[in-house]
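Asks: Here the structure of chain W is known, so what remains is to put chain A in place on it, guided by the hints.
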Amino acid sequence: MLLEVRNIVKSFGEKRVLDQISLQVEGGAALGLLGRNGAGKTTTIRIVMGVFPADSGEILLDGKPISKSGVTFGYLPEERGLYPKKRIGDQLVYLARLRGLSRADATASVKKWLGRLGMSEVYAKKLDTLSKGNQQKIQLASTLLHNPDIVILDEPFSGLDPVNASLLKEVVRELVKAGKTVIFSSHQMGYVEEFCDNIAILNGGRIVLDGNLHDIKMGYPRDRILVSLDKGDMASSIREALERAGASGLVTQLIPREHDVVLQLTDPLKRGQVLAALSGAGLAVDRFEVLTPSLEQIFVEKAGESA
Amino acid sequence: MKQFGVVFQHEYLGFLKNKVYAGVTIFLVLAIAVILCLPNLLSLFSSGDTAAEAPAPETQKPVVLVDAAAAGDGYAAYLASVFPGYAFEEAQTAGLDVKALINDGKYEAAVIFQSPMQYAFYTKRLGISGSDLLGGLGEAVAVKMRTDALEGLGISPQEAEQIITAQPEQSVIETGKSFMDTYFYTYALLFILYLSVILYGQMVASAVAAEKSNRAMEMLITTASPNNLMFGKIMGVGMAGLTQVAIILLAAFGFYQLNASAWDNEIINSLFNMPVNIMLFTLLFYLLGFFLYAFLFGAVGSLVSRTEDVNTTVTPMMLLLVGAFFLSLYAMLGNPDSLLVVICSFIPFFTPMLMFVRICMTDVPVWQILLSVVLTVGFTGFMGWLSAKIYRVGVLMYGKPPKPGELIRVLRSSKNN
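Protein chains in written order, with the working numbering: chain W, 779 to 1085; chain A, 402 to 818.
What the hints contain is simulated information worked out from the structure, not anything from laboratory work.
Hints are not guaranteed to be accurate.
Just the calculated beta-carbon pair ranges, DEER-fashion [unchecked claim]:
id, chain 1, residue 1, chain 2, residue 2, range
1, W, 907, A, 720, 32 to 42 Å
2, A, 779, W, 886, 43 to 53 Å
3, W, 1006, A, 707, 29 to 39 Å
4, W, 890, A, 442, 50 to 60 Å
5, W, 880, A, 431, 36 to 46 Å
6, W, 907, A, 410, 19 to 29 Å
Below, simulated SDA-like cross-link-like pairs (lysine to any residue); rule was C-alpha separation at most 25 Å, straight line [stated by the list, open to error]:
id, chain 1, residue 1, chain 2, residue 2
7, W, 864, A, 680
8, A, 403, W, 883
9, W, 864, A, 603
The beta-carbon is built from N, C-alpha and C at its ideal position, and this holds for glycine as well.
Chain W with its partners taken away, still in its complex shape (with noise of 0.2 Å):
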């Protein structure tokens, strides 16, 4: 399943929130939609979803235009509520009626749910007697009861604390496995790269980044080394090596760090020959690799700026 959002642009008044986007998420592949708060990510949810319409520019499902009744959508959004003097089972069963099932499959969609999250014996308990953490688990219940086609998680991990949070990692591994299409916008970067093949970076409205996170990143410049040795002093003892091996002219500039030592190289296709002159020299080499930046440095260079 190919979800295809293009051109969109949309307007609140005199104010232009969106200004043609577009955007793939493909199924089995989750997208990482990043960018600050304010950037338009909630307006580009909405409008995927069809609470709103855009004012120009469309929303594809596999090449053809999206219509509600042919695809569902699991929405987990970030400002979380429900009914808080409810019965958990009450308002998960009616959340479920509501998107079509019948009051036997929600049910038994509730309870596999509950199970699955470890939560069974809330049931018949009021969501407000639970912990902010379990709330939050009730609500991402709400958002997959229906096991919809399209998967949108906002912030899914806020709250929650570690054992909760690999507990959710596995879910949403499940879900791109099972080929669902999801959308994942969380400001924790560490989340996004360990789900998410695609990303699309948004600031002031517009798309500044988008594409593979792997190529992304391989598209930086490689021209950057970082290695850290056993012991010792790392610095003077790989520039000796270096000279030793009279590789020196490879490196322009070899910055020490607390653990390691970062070398800039001339050419990033002669790092063979570097790591030849350090192993030569006997070195203990502890790590020897290509210094790509995190997903963390790229947006803050990408969504830094003011839009």
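Replies: Structure of chain A alone, referenced to chain W:
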């Protein structure tokens, strides 16, 4: 349609399961049961204690001092025959302190004649209803004087009494609907209509605002269409209100039927002997009034972000409702046929109450009823459409409720809605 059914069912059953709703309904039914069974209950208690019902002995009667020296003989006996509830004692009062005698409680009152047609009445204190003695005294004295005068002309006391007490027989026929027959049930139904529109309208507004303030709306709006959400909720609440009113009315009629023989109160009897067509009109106007206002309340509820803001924002609708109610009271007590009432009864906001009052209390031409119903149905449909538009936009707005101008601008700019 399926979604609408789910929302409707959820809201309706939510009400029926609500403890407050159930409690209020049961309380009202019990209260009605007690009130309507009252005559039978009272007779149950008093039947074992008939002594209390026996006439009070002679000595227990309040004693009235009469000084009729200036008026004629046998006055005390005459007054005793006119006022069997009192004992009369004739005495000269020239040297007595009448005020002190009454204040000490020796006498209930005193009547002191200066001449056959002039007397002073002494009593400790007149209550708000006066004294039954004083009320009848003037007539009694006049009758006595006329009888004496006729006797003086040689007419026998019996003939004289016949002449004096002769009363024409009159019967009154109201050619329209009788005020007394219609007033009480009209008032009761009007009040039920008014109260339920206010109560359930408020509930619609609060329920919508609550879903916004607890952010369940974020989930709902991406799950179901706004129209299904809004109309399902309004219909659900409306049906819950109708259920409650129906239960209460059925209980009232049921308990009245059980106790009907014991009731000789005209008001109560007129309440429960209302014509069937009036009950059908009640249902019709209840539905019209409820939905017209519920749509408004729903739209307003969608504009506020916090349930605390609901009360201030519904004020304009409350004023409309109170206005309609007082206009209806004015129509009931004054002239239901006045031009103001007739014109206002065609204004949809007032029709449910005002046209209802007119139908109950006067003979309204059929075309007027039809016209007002068609106008109100049409206007209610329009309000439903407008409210759905406002709701769509409103549920995603947070912060301060928008001003009317702002709202119109947003509605205009939102396409495809």
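Asks: Report the numbers of all earlier hints that the structure fails to satisfy, in ascending order.
Replies: 3, 7
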